[in-house]
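Undergrad: Given only the sequences and the hints, what does the whole structure look like? Please build it.
Protein chains in written order, with the working numbering: chain A, 1 to 335; chain B, 1001 to 1335; chain C, 2001 to 2335; chain D, 3001 to 3335.
Accuracy of the hints is not assured; some may be wrong.
[Unchecked claim] Each computed DSS-like pair below joins lysine-lysine, with the alpha-carbon atoms no more than 27 Å apart:
#, chain 1, residue 1, chain 2, residue 2
1, D, K3154, C, K2131
2, A, K118, A, K324
3, A, K194, A, K70
4, D, K3154, D, K3070
5, A, K89, A, K6
6, B, K1194, B, K1070
7, D, K3075, A, K6
8, C, K2194, D, K3198
9, C, K2089, A, K327
10, B, K1006, C, K2070
11, C, K2006, C, K2327
12, A, K131, B, K1214
13, D, K3214, D, K3089
14, A, K131, A, K75
15, A, K89, A, K70
16, C, K2194, B, K1214
17, D, K3194, B, K1324
18, B, K1327, D, K3131
19, D, K3154, D, K3131
20, A, K70, B, K1006
21, C, K2194, D, K3194
22, B, K1070, B, K1131
23, B, K1006, C, K2214
24, C, K2324, A, K324
25, B, K1198, B, K1131
26, C, K2006, B, K1070
27, D, K3089, C, K2131
28, D, K3198, C, K2131
29, D, K3327, B, K1089
30, C, K2201, C, K2118
31, C, K2118, A, K324
32, B, K1214, C, K2089
33, C, K2214, D, K3131
34, C, K2118, B, K1075
Derived from the structure by calculation, the hints contain no laboratory data.
Number of protein chains: 4
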Amino acid sequence: MITILKPGTTEERRNQLTRWFESQGLQVHAAIGPEQTVLGLIGDTSGIDAEMLRLLDIVESVSEISDPFKSANRKFHPEDTIVDVCGAKCGGGNFAVIAGPCSVENPAQIKEVATRVKASGATMLRGGAFKPRTSPYDFQGMRAEGIELLLEAKRETGLPIVTEIMNANHLPLFEEVDVIQVGARNMQNFELLKELGKTDKTILLKRGLANTLKELLMSAEYIMAEGNENIILCERGIRTFETYTRNTLDLSAIPVLHNLTHLPVVVDPSHGTGHANLVETMAMAAAAAGADGIMIEVHNDPAKALCDGPQSLTPDQFHRLMAKVSKVREAVTCD
Amino acid sequence: MITILKPGTTEERRNQLTRWFESQGLQVHAAIGPEQTVLGLIGDTSGIDAEMLRLLDIVESVSEISDPFKSANRKFHPEDTIVDVCGAKCGGGNFAVIAGPCSVENPAQIKEVATRVKASGATMLRGGAFKPRTSPYDFQGMRAEGIELLLEAKRETGLPIVTEIMNANHLPLFEEVDVIQVGARNMQNFELLKELGKTDKTILLKRGLANTLKELLMSAEYIMAEGNENIILCERGIRTFETYTRNTLDLSAIPVLHNLTHLPVVVDPSHGTGHANLVETMAMAAAAAGADGIMIEVHNDPAKALCDGPQSLTPDQFHRLMAKVSKVREAVTCD
Amino acid sequence: MITILKPGTTEERRNQLTRWFESQGLQVHAAIGPEQTVLGLIGDTSGIDAEMLRLLDIVESVSEISDPFKSANRKFHPEDTIVDVCGAKCGGGNFAVIAGPCSVENPAQIKEVATRVKASGATMLRGGAFKPRTSPYDFQGMRAEGIELLLEAKRETGLPIVTEIMNANHLPLFEEVDVIQVGARNMQNFELLKELGKTDKTILLKRGLANTLKELLMSAEYIMAEGNENIILCERGIRTFETYTRNTLDLSAIPVLHNLTHLPVVVDPSHGTGHANLVETMAMAAAAAGADGIMIEVHNDPAKALCDGPQSLTPDQFHRLMAKVSKVREAVTCD
Amino acid sequence: MITILKPGTTEERRNQLTRWFESQGLQVHAAIGPEQTVLGLIGDTSGIDAEMLRLLDIVESVSEISDPFKSANRKFHPEDTIVDVCGAKCGGGNFAVIAGPCSVENPAQIKEVATRVKASGATMLRGGAFKPRTSPYDFQGMRAEGIELLLEAKRETGLPIVTEIMNANHLPLFEEVDVIQVGARNMQNFELLKELGKTDKTILLKRGLANTLKELLMSAEYIMAEGNENIILCERGIRTFETYTRNTLDLSAIPVLHNLTHLPVVVDPSHGTGHANLVETMAMAAAAAGADGIMIEVHNDPAKALCDGPQSLTPDQFHRLMAKVSKVREAVTCD
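TA: Below, the structure is given as structure tokens:
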């Protein structure tokens, strides 16, 4: 880490900062020039908060030679992580297809959707039991009962299940869940991340609506720092000024994350666009950009399902999407 | 609530939607024209999720005659809410001054700061015990011990205390805390909000980094829907493209919120700007804009305190700020 | 157009507004209820500024049944527009490949790049002569001389040329230019758009850094309203909070624009990402999302070219990209 | 300027970059360590584009010791610039009050408004003749005739006039105009800025909707680099995700700009909020934050004026605002 001091910094202030660095166990190499002073810090700087340092009134700039994320960093773990969920793999050339309804509604619905998406090639079943809603007056999901219905659908189809957690206290209910999803609004719920880090579940971590990729990786780091390295990152659209789409799907996140981390990256074009008629196209684009999987909302009767309607595909539309996505994957993976 | 259907919507689809509205207990008045159809919904529409409705493929637009927030709505509660924290009032003409360090560090620090800010006119003491940090490797606060030190400072100075919660499981530790703060990153941690709604503590709810004022009010609504109406809203800056400031303090939030809600609104210029040399000016501007209080970081030795340094004032600077803010308040409140 | 008035609007105010609408040549159908009043406007509402109307204190909401863009609207022109630039087509299944250096630097450079990109399959040559730079102290381009060099390269290779205009006064210099580019910062330079609308040149219109797709279409409308319908829209990344990429390429713009307009849409992954190592991947994703073309920066010596370096490809890299993009196009266009 | 190279940069690449710096007339001091290399650049670095440099694949980071703006920089010009417009001063303790209608509509309107705002203490008259509108079908202003009417109002009241330019070709029409406004959408219309730099008019430069303060200062620099130093900067709100206000007024821009530049800073709360009922409060806040002036839309019949209505004050409301703002100014400037 390199800290450049502002011109005019007094010797006293510089020494004060130097002593503070030393008290943190770092060696400080100072290059003191007439115009400016550069402090090179040698040792384990992972405990230094560069953001805070940068805000000190005597500091001109801070360069972090090393990224603040360690466990997620590809530099220290060059091979792709392959997450294996009961045989359904994601990463390292394995493409995961996670499909299912926005919300679990009743036994017939979830079973039919599960059967249909499996037949079309889905490798995991998704379905919301606990639903994060902006309004306390909106439907909050079937909760524990929803998880039960997902498990039944799993027993019937063999598909591993993915569902969202909103509260670490609910963890006992997730004992048989295969993949625990952390939603966009909880991406920086650090206490929840820590608790998930103590489990051995696969965690599907969604990017927050206005968060950077570095912040996403730091949140993955919270889970990994507690010992759980089974993480799938998920790009699901960010908030921008555009209004035709619900969010703006950032597909460049895929190659950028592949450069920075060994963790697999899936894309959710359903939430990322908010419109059923954009899902197929954006799923194809995600595959072309090298995604390790896609997450698609499918409902057996989108017209009836108020919650899922606008962005859910019918099973037939999903079947067609799978064929198209396969063609794109063939085109981009063959050599 | 008014729903306008797209041109070309079939009768079948329109009837389907109409029946669904009716199944939700609403009366539907349809004005069917050659070009478009307008459905007027009469009854309690609070259970209808307008956002979802808007996304249906047959829906052109939705007008919410009534705001989605009820308990927080000034329309149903025209008088200002005055929150009373052990005698320190906020709202309805009462100006709260919440001051103290970013983090509680040790007994001497918190006591000295508490004594100094009280002498300058602060009405509550703030101090972080649980710290939300982007990196798991950064200092996470003194946690339970920090709360103990705040309580000691309270016993000594009489100042009620304000400190942040990050996990509903920690609530037992907050039993003697006067005001529980919900940080920006947890503004939409709906499970936490629900739990706080079951307490009778005053909740200081900070606006999220990329959240709208409507979303802030919906989060307040989560707390109020559970029965707790002791809420102070806090504007603390939003994420924009500007880089000279850490966030962009949105002072128009003050008059807008005063129009929409009866809850008091305080402003945090320390986090809102990230620079000590901007805090006094923005505190004065907040007072001029009619804020019901300010929240200021004060540290007895900002130069030493890496965490607080860049945006913390010294007790002397805080004293000066108080004099300036008082003058502005006199100018705007006299008539 | 539907205007819903706020509850409590006086009859006098309502009549005032009604008379104003009538003075604009519209018929007003009022549905006056106890709770609210709906004014239906019949006639040519293209002269009504809905945004302004919405801000009136008596107006609850405004629904624009018809989009504010007319000439660009697919509803009135269902077939894809195919822009033909000296035989190089864009739109309606024709894929344009616009390649070349960021800036024209000297005769040898532009000729070599032109020859190389043509050999790899580019259909047009790009090169900046007038360069919009944030700082007045940065290189502003070779200007008139740069256009001369582009025309020489065109004579040699037969590739039509694309270059940016910054000032309507420069139009005489663009007489032989085939495609005139309007840069992101000039997307709402309405006076320039009007002048370009009076020419018969093909205009490549880039989306502004923080502009919506509707605003982009309204800018196209400025050109078309003057009579010039030869327009290619270009997505080149928008400003977001992400810092790993220079901008965030919004690929969902492709299917959204294809729904809204008949004009062709090309994608610029070079500016859209700012990093050479992301260009190939995002070009493939753009092709998968149905783009009508791509715009790629290519330099014969990126390492030397300070301006182009970071995001320019070498001719060899461009050749490889062309092969990859072709495979993706085959996969998505075959049926 | 300090350039830090990435670990693993080859000697060849480093030498190549070093030679390039030298060819730009700079001395390069290299500190080559085992982990990284720091290049210190000495000399006039104003010609170096740090943004481009930062994007080079071998560059880790770039620190600009010196700001890229020179003429506008307070470091080289510590005293406040006082702009004098026919005796109406702005900056250095002088508070400008620029008031008038959004658009000039007819002789009676502009004269009445001018007379009324002068009586309440306005120091300059504003009024739009050329109107930048998102849609080509919306009213584009009275153009040349509008300027004539402004000049008449000036003759009658003695108030200097402020009006917007959209095209450098229109400059002859602005010969008698006192202050030429550059609107938000033209902030980076560099060709226009250059032309204005060649005049001796006072330029009121508005911040773009998604532009940083550094970009605003670079645009001022474009004008100053041509010799015109009579510039007033204007904060008029930036685009954010908030929807209750039309834009988000960034009042922290005032103290930040005062730190960075000697140029005066005025605030436009009318466009900055888009709602008449927020203008007074935000004008008071702007005064408290140290603004050198305010710009307020006033119309003699806001209810009739569709364009001005929502954000315009009546002359009476403006009179009241002036009294309130004066009180705030007294409170903050007395010492």
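Undergrad: So, for every hint listed, does it hold in this structure?
TA: Hint check results:
For the given pair, K3154/D sits about 40 Å from K2131/C by alpha-carbon distance, which is inconsistent with the 27 Å threshold. The straight-line distance between the Cα atoms of K118/A and K324/A is roughly 16 Å, inside the 27 Å bound, and the hint therefore holds. With a C-alpha separation of about 16 Å, the suggested pairing of K194/A with K70/A holds against the 27 Å cut-off. Pair hint K3154/D plus K3070/D does not hold up; C-alpha atoms about 35 Å apart against a cutoff of 27 Å.
As the CA atoms of K89/A and K6/A are separated by approximately 51 Å, the hinted pair breaks the 27 Å bound. Distance check on the hinted pair: K1194/B and K1070/B sit about 16 Å apart at the alpha-carbon level, within 27 Å; holds. Restraint check: the Cα-Cα separation between K3075/D and K6/A comes to about 14 Å, which is no more than 27 Å; the hinted pair holds. A hinted pair counts as satisfied when its Cα atoms are at most 27 Å apart, and K2194/C with K3198/D qualifies at roughly 25 Å.
With a C-alpha separation of about 26 Å, the suggested pair K2089/C and K327/A falls inside the 27 Å cut-off, and the hint holds. At roughly 18 Å between alpha-carbon atoms, K1006/B and K2070/C fall within 27 Å of each other, so this suggested pair holds. Of the supplied pair hints, the one linking K2006/C and K2327/C is violated, its CA atoms being roughly 56 Å apart against a limit of 27 Å. Restraint check: the Cα-Cα separation between K131/A and K1214/B comes to about 19 Å, which is no more than 27 Å; the hinted pair holds.
Using a Cα cut-off of 27 Å, the hinted pair K3214/D and K3089/D holds, with the two alpha carbons roughly 25 Å apart. At most 27 Å may separate the alpha-carbon atoms for a hinted pair to count; K131/A and K75/A exceed this at roughly 37 Å. With a CA separation close to 24 Å, the supplied pair K89/A and K70/A stays within the 27 Å bound. The suggested pairing of K2194/C with K1214/B is violated, with an alpha-carbon distance near 39 Å, which exceeds 27 Å.
Among the hinted pairs, K3194/D with K1324/B is inconsistent with the structure: their alpha-carbon atoms are about 42 Å apart, more than 27 Å. Note on K1327/B and K3131/D: the hinted pairing is violated, with a Cα-Cα distance of about 41 Å set against a maximum of 27 Å. For the proposed pair K3154/D and K3131/D, the alpha carbon gap of about 20 Å is at most 27 Å, so the pair holds. Pair hint K70/A plus K1006/B does not hold up; C-alpha atoms about 52 Å apart against a cutoff of 27 Å.
Note on K2194/C and K3194/D: the hinted pairing holds, with a Cα-Cα distance of about 21 Å set against a maximum of 27 Å. At most 27 Å may separate the alpha-carbon atoms for a hinted pair to count; K1070/B and K1131/B exceed this at roughly 32 Å. Between K1006/B and K2214/C, the direct Cα distance comes to roughly 19 Å. Compliance with the 27 Å bound is thereby established for this hinted pair. Our distance criterion of 27 Å between C-alpha atoms is met by K2324/C and K324/A, whose separation comes to about 17 Å.
Taking the CA atoms of K1198/B and K1131/B, the gap is near 23 Å; set against the 27 Å cutoff, the hint holds. Restraint check: the Cα-Cα separation between K2006/C and K1070/B comes to about 18 Å, which is no more than 27 Å; the hinted pair holds. Our distance criterion of 27 Å between C-alpha atoms is broken by K3089/D and K2131/C, whose separation comes to about 36 Å. The suggested pairing of K3198/D with K2131/C holds, with an alpha-carbon distance near 20 Å, which does not exceed 27 Å.
Simply put, K3327/D and K1089/B have alpha-carbon atoms about 26 Å apart, close enough for the 27 Å limit, and the pair holds. In summary, the hint linking K2201/C to K2118/C is supported, as the alpha carbons are separated by about 22 Å, within the 27 Å threshold. As the CA atoms of K2118/C and K324/A are separated by approximately 31 Å, the hinted pair breaks the 27 Å bound. Using a Cα cut-off of 27 Å, the hinted pair K1214/B and K2089/C is violated, with the two alpha carbons roughly 47 Å apart.
Restraint check: the Cα-Cα separation between K2214/C and K3131/D comes to about 19 Å, which is no more than 27 Å; the hinted pair holds. For the hint linking K2118/C to K1075/B, the alpha-carbon distance of about 67 Å lies beyond 27 Å, and the restraint is violated.
Checked against the numbered hints listed earlier, the structure breaks hints 1, 4, 5, 11, 14, 16, 17, 18, 20, 22, 27, 31, 32, 34; every other hint is satisfied.
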